[in-house]
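Chains as they are written, first to last, in my numbering: chain C, 393 to 498; chain F, 2 to 558.
No lab work stands behind these hints: they were computed from the structure. In this text, all values refer to a predicted model and were calculated from it rather than measured experimentally. No false leads were mixed into what you were given.
With a cut-off of at most 30 Å between alpha-carbon atoms, the simulated DSS-like pairs for lysine-lysine come out as follows:
| # | chain 1 | residue 1 | chain 2 | residue 2 |
| --- | --- | --- | --- | --- |
| 1 | F | Lys415 | F | Lys135 |
| 2 | F | Lys402 | F | Lys525 |
| 3 | F | Lys463 | C | Lys476 |
| 4 | C | Lys495 | F | Lys135 |
| 5 | C | Lys491 | F | Lys135 |
| 6 | F | Lys489 | F | Lys251 |
| 7 | C | Lys406 | F | Lys135 |
| 8 | F | Lys135 | C | Lys476 |
| 9 | C | Lys408 | F | Lys525 |
| 10 | F | Lys343 | F | Lys489 |
| 11 | C | Lys476 | C | Lys406 |
| 12 | C | Lys495 | F | Lys463 |
| 13 | F | Lys463 | F | Lys150 |
| 14 | F | Lys463 | F | Lys135 |
| 15 | C | Lys406 | F | Lys463 |
| 16 | F | Lys63 | F | Lys401 |
| 17 | C | Lys408 | F | Lys463 |
| 18 | C | Lys491 | F | Lys463 |
Listed below are the residues making up each chain.
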Amino acid sequence: MSSAMYERMRANPKFKELVSRRGRFAWTLAFIVLSMFYGFVMVVAFNPAALGQPVAEGSMLTVGVAVELFMFIFFWSLTAVYVKRANSEFDALTQEIVKEAWKENK
Amino acid sequence: MRRLTHLGTALGLLAVAAMAYAGPPVEGAMEKQATNWHAIIMFCLFVMMTMGITYWASSRTKSTADFYTAGGGITGFQNGLAIAGDYMSAATLLGLTAMVYGQGYDGYIYMLAFFAGWPIILFLMAERLRNLGKFTFSDITAYRLDQGKVRTMAAISSLTVVCFYLIAQMVGAGQLIKLLFGLEYNVAIFAVGILMMVYVTFGGMVATTWVQIIKACMLLTGGTLVMFLAFSQFGFSFQTLLEKATAVHKLGPQLMYPGSLLADPVTAISLGLGLMFGTAGLPHILMRFFTVTDAREARKSVLYASGFVAYFFNVIFLMGLCGIIIVGQNPEFFEGGQLGGKLIGGGNMVAMHLSKAVGGDMLLGFLAAVAFATILAVVSGLALAGASAISHDLYARVIKKGAASEASEIRVSKIATICLGFVAIILGILFEKQNIAFMVGLAFGVAAAANFPVLILSMYWKGLTTRGALFGGYGGLISSVLFVLFSKSVWVDVLHNAAPLFPYAQPALFAMPIAFLLAYIFSKTDSSVRAGHEIEAFEDQYVRAQTGYGAASASNH
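Build out the structure end to end from the sequences listed, making use of the hints.
Here's what the structure looks like:
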């Protein structure tokens, strides 16, 4: 784990690509989760009545329950999307970067 | 061989505790129920199984890596189950069911807040944690900073969080077991404390992980079964269920509206922050990220863990709603047979009564055993996290400056576990009459304010220096503890003062900015040579965080 290895990896343009691509992806997903969750908390705090409305006339299912159930499923789907992309695309890119740094080492 | 004798002694102690189980129920103890044999037999089966695993694990626990992180060889799926097992305490099963039973929709909002932290942990933290850390999260905060000072700070706040969480779990355990098994409170506390010591000292992380995995499976199975049986009484129709529930509940149609629990925006946001980022600062949860092979498995663990947690929260929501009709309309479950009066065993017993109503004594026994197992698993994870803060951070790195041998480090962590076990027993007995809700709040608040800011800054902000980390960490720790101390739940309810000095129950919204601000100001104004080196060292740390190159591997280090 020499500093020289890190230096070479940092110099590799693929490293910048990895960092910016993964960073953008992760922060976008995090932003979606945070804004939906805190947006929901705001509605709970300021307009709770909106969440108690039924989704349709005569239905007992309220907007609040539907929205929350959606968020449970949606947030979990986002984690699945992230894991899928990170474990294939980003991991492959990472391995290339490490391998190339090794080659230069020799 | 010595290990075997140790295990024998411990089993002997357990047998003493088990004999106490069999003692006749003490007359006159109002809340205590008749000894529940189904529950005791099932729980003993669980203990025997986990003891077997502990025995097997003890033969595999040789190095410090085995002890702290199971050698890093846990798979993503196993770790996902174990994280779910670590995260879903008895408070989840009993407390949240009771909250839905009493307040309806509010309970569901709480569950979302408990869940929403997980995607954030995955997107922003999981792979960096795995790539930078080895045994404890202080490995990351102290990566390029002053080892002695930063580790001491991180260990102190870890231990603070662990202790408050332990109190909450122990007191909860004692009360629960008194009700479910008909045991004395003190006997229950000793049983939990001693079992925890056995699991952790002999089996380390391997045994703790398997206890958590088994318990998570039991919890998921038991919860699903009860929900299924209860929901079938309504023909699996959410419409019918809600029609009946709103018809009989005292809140009426308001049952499905957000209620009083989160009426004030400051409390709502502060709670959201505390639960979300507190999760990301709990030492026993963070530690689980070091038990997997690499960042890839770390990500998978979060995927599985959050899936189980999300699923189970929805099961609990249905259980609570079914309870409104099945338990709430059955006089058998109320003291003196009075509908709408006090539930037998207190408000937290809804899930238990529901299991009895739909599945008889067998199912009640099973769910009771699950609840006990749950407490045991969570307490073991906490003890291991606390012990590693003492042995890995304080002993090996601060006192011995990295020169401690593996054998002595493991010995210290085992001694630390036993000490923590006794501390937990003593605290559990001292705080018997205390309201445990504020302890959990304090644990999450301290984790969110003391652990999380410094941890995330050390991973993301180049400019963080030792001085900034110390001010941020101690500042967050002290301010969050003070905010809780001055809030209504302690200042008025416990210390009996007239009015709270701090108007809100949740500290996170205020203590977190203090921690971030202090860390920023004292890093920015730090112009020492040391600080310069620390900032330079970020570059290498950054490459390692991104690529995992040089990360502690699953094989030997």
